[in-house]
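The lines below spell out each chain.
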Amino acid sequence: MSETKILKVEDIHKRFGDNEILKGITFEMAKGETKVIIGSSGAGKSSLLRCINQLTPPDRGRVWLDGEEVTHHKKSISGFRQRMGMVFQEFNLFDHLTALGNVMIGLTRVKGLHKAEARKRALHELERVGLADRADLYPAQLSGGQKQRTSIARALAMDPDLILFDEPTSALDPELIGEVLEVIKKLADGGMTMLIVTHEIGFARSVADEIIFLEAGTILEQGPPEELFLRPKYARTRKFLHKITELYGD
Amino acid sequence: MSFWTFSTDILLLPVLKGTLVTLQLILLSVLPQFLIGNIIAAGRVYGSRSLSFACRLFVGFFRGTPLLIQLFILYYGLPSIGIYLEPMTAAVIGFSLCGGAYMSEYIRGAIQSIRQGQMQAALSLGMSRIKAIVYITFPQTLRRALPGCSNEVVYLIKYSSLAFMVTCLELTGEGKIIASRYFRYTQVFIVVGAVYLILVTIATRLLALLEKKLEIPGLEVSRH
Amino acid sequence: MLKEILQFMPMLPYLLQGALITLALVAGALAVGFGLGLPMALGQVYAGKAARRLIGLYIWFFRGLPVLILLFLFYFGLFSLFKLNLAAFPAAILVLGLRSAAYQSQIFRGSIQSLGQGQMLAARAMGMDTLRAIWYVILPQTLRVSIPSWSNEYCILLKDSAVTYAIGVMEILTRGNFIATRTYQPMPIFLICAAIFIVLTYGGTRLLHNLERKVSIPGFEERGGGKLA
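Residue numbers (my numbering), protein chains in the order written: chain A, 1 to 250; chain B, 1001 to 1224; chain C, 2001 to 2229.
Rather than coming from a laboratory, the hints here were simulated on the basis of the structure.
Among the clues, some could well be false.
Unchecked claim - A short list of chain C residues far from chain B (calculated; beta carbon distances all over 10 Å):
hint, residue
1, Leu-2054
2, Arg-2124
3, Pro-2186
4, Val-2215
5, Ile-2217
Claimed, not checked - Result set (SDA-like, lysine to any residue): computed pairs, CA atoms no more than 25 Å apart in a straight line:
hint, chain 1, residue 1, chain 2, residue 2
6, B, Lys-1158, C, Leu-2057
7, B, Lys-1131, A, Leu-55
8, A, Lys-74, B, Arg-1129
9, B, Lys-1131, A, Glu-117
The beta-carbon is built from N, C-alpha and C at its ideal position, and this holds for glycine as well.
Take these sequences, add in the hints, and give me the full structure.
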C-alpha cells in the first residue's frame, strides 16, 4: 500500500454488562475519505465511535491513527484526541462560554496558543460554518442547528486528522437539519476525512465514499453508496435501507 | 444615664472593637470554607470508593452535630491530647470545617447537575481530565453553587457569635460583658442586634450583586 | 480514647436526660414555629399589603439575628422588661419557636406557591370561600409537600438547641460540659455528646422520611414539577 491509512480499526469488541455490543469491527479509512455508518438503534454505532477515540475504551481490538497505535496508550491519549475531532448528537457545547469561547478554548487550553491568535482562528472557523455574527452568544441563545454548527467549528479549530460525527442531526428539529448537513458536505468537498454515524440516508448517499452497514455488532456489508443501495448483498440490508428511506425520506 | 449617652460613652467603643473581631472571624473563614467545600465535593464525586466514603463521613459529622460542640471539642477538648488553640484559631477552624461541609453539599449538587456530555466533549478535544474539571466543570459549578454558598456566608456572619462561647471576644462577647456589668441587656442587645442586621443585609446585597455579575444566560442557578 | 469513653458510660443516663430536654425543646419550638409560621405563610400569599409588610419585617428580624443574640435579648432583656418571668427552658422554647416561625413561614409559602393558582381558582369556582378553600384544598397539599423542608428545619433546630447552653438550659451540651469541667476529661465527653446528636439527627430524619412516604399521594411529585418531570 503506497499511502498510510489515516485510520485503522482492528477487531474491536465492546461489551456492556451481559450485552456484547461490538463483536469484532475491522475497517480502514484513507485520507480525504468520508465513510458513513448506518444501522438500527442499539447496533453499536455510537459505541464504535467512542471506542475509536477511547472515550469508552474497547474490551479488545486496536486502533491506529496515521500509523501510530492509539489503544492501550493511556498517557498520550490526549494527544491523539486532539487529532480526532468529535461532534456529538447532543452538541455538548460548554454552557459557560460564548460560541467564540467554545471554539477558542481548545486552542488556548490544549494547544497553548495566545489568546489573540486563538481568537482570530476561532472567528475564521465560525465564519466557515456561517456563524461569525453569533460569536458572542451563549449556547442557550443559539438554535439547535447553530449549536451543532458551533460544535463543528470547535472540532475544526483543532486541525484534526479526522472528525467523528455521532448522529449530528438526530437531536435537531427537521427544518434545522439542512444547515448542518450543508456544512458537513462542504467539509467533505474540502477533503476532510470524516466518519459519520447518521440516519439521513439521502445525505449519506450524496456525501459518502463508502457506506458501512452495522447490524448486531458486526459489519454486515460495506461498499460505495450505489452498490449498497442498488445491489445490496443481504436481504437484511435491503430491508433496513427500505425502512429507513421510508422513515427519513430521501 | 440616658439611652444615647450610654450608647456613645460606654457602648460605642466595645461594639466597634467587637465588630472588628467579628469581621476578622468572617473574613478568615470564608475562603477556607469554600476551599474545603470544593475539596470535599471533588473527593466525593471524583474520588475512589474509600475517599468518597471518608468525605461522606466528614460531611455527616459536621452536619449532624451542633457547631457549638465542634467548637468545644476544638477549644476545650484538644488540649487533653496536647493541642492548644487560641480562641480565634479554634473558632476559625471550626467555622471553616463546618461551613466547608455544608458548602460541599451545594457544590456536589452543582457538579452532578452538569451533564456528562460536557466532560466528554472536553476530553474529545484532547483535554486531560484535570484540565476539563478546571476549565469546564468548575466555572459552571461555581455559578450553580453560588446561591447555596452565599447562604452559608450569611450563616457564617450569624454563627460567628458562637465564638464568644469559646472565649473569643467578638461583637456578642463585648456586648454581653457590657450588658452584665451595667444591667442594660435590652439596650445593649438591641444595638448589637442592629449591627448584625446591618452586616447581614449588606452581605446579602453584595452576594446578590456577585451572582448577577457572574450570571450567564442559560446557566440557570436554582434557588433553594 | 475508647477506654476513656467507656468509663463514662455510667454518666449516660444523665446525658440522655439532657437528650429528652433537647427533644422537648425542639418539639416545642417546632410547634410554636408551626403555629405561627403557617398563618404567616398564608398571610404572605393571601393577605393584604400591610399584613405582608409586617410579616416581612418579622421574618427579616428573626432570620437576620444570630440565635445567641435572640436568646440574650429576650431572656435577659425583653422578657424582664415586659415582666415576663420565664425560666430558661420555656424561654428557650419561645425564642427558638419565634425564630423557627420565620423560617417555617418561608417553607410553607414556597409550598403554597408551588401549587399554582389553579387549585384556589377551582375551589372558589365551586363556591368555597377563601377560608374553606384553604382548609380543604390548599393545606392538605401544602403540608405534604413541605415535609422534606420541614425535616430540614428539625435538623437545624436540633443543632441550635445546643446554643441554649448559653442561658443555662440543661440540655445535652450543658450537662456534658458539667461533667467535663468536673472530671477534666472534655474530649471523650464531648465526643459522646456529638454521638448523641448524630443519633438524634439521623434518627429523626429517618422517621420523618417514613412519615413522608406514609402520607404521600401517588403521582404528587410529578405534578408539582418535581424530579420526575
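Given the hinted pair Lys-1131 (chain B) and Glu-117 (chain A), is their alpha-carbon gap at most 25 Å?
-> The hint holds at about 21 Å.
Going straight from one Cα to the other, do Lys-74 (chain A) and Arg-1129 (chain B) come out at no more than 25 Å?
-> OK: Lys-74 (chain A) and Arg-1129 (chain B) at ~12 Å, within 25 Å.
Arg-2124 (chain C) clear of chain B by more than 10 Å, beta carbon to beta carbon?
-> For Arg-2124 (chain C), whose nearest Cβ neighbour in chain B is about 29 Å away, the distance exceeds 10 Å, so it holds.
Can the restraint linking Lys-1158 (chain B) and Leu-2057 (chain C) be considered satisfied, given a maximum Cα separation of 25 Å?
-> Distance of about 18 Å is within 25 Å: holds.
Grab the minimum beta-carbon distance between Leu-2054 (chain C) and chain B and tell me whether it stays above 10 Å.
-> The claim stands: Leu-2054 (chain C) keeps its Cβ more than 10 Å from every Cβ of chain B (closest is about 17 Å).
Is the Cβ of Val-2215 (chain C) farther than 10 Å from every Cβ of chain B?
-> 23 Å, holds
Are all C-beta atoms of chain B more than 10 Å from that of Pro-2186 (chain C)?
-> 4 Å, violated
Going by Cβ atoms, does Ile-2217 (chain C) stay more than 10 Å from chain B at every point?
-> 23 Å, holds
Is the Cα-Cα distance between Lys-1131 (chain B) and Leu-55 (chain A) 25 Å or less?
-> 16 Å, holds
In the structure shown, a violation is registered for the earlier hint numbered 3 alone.
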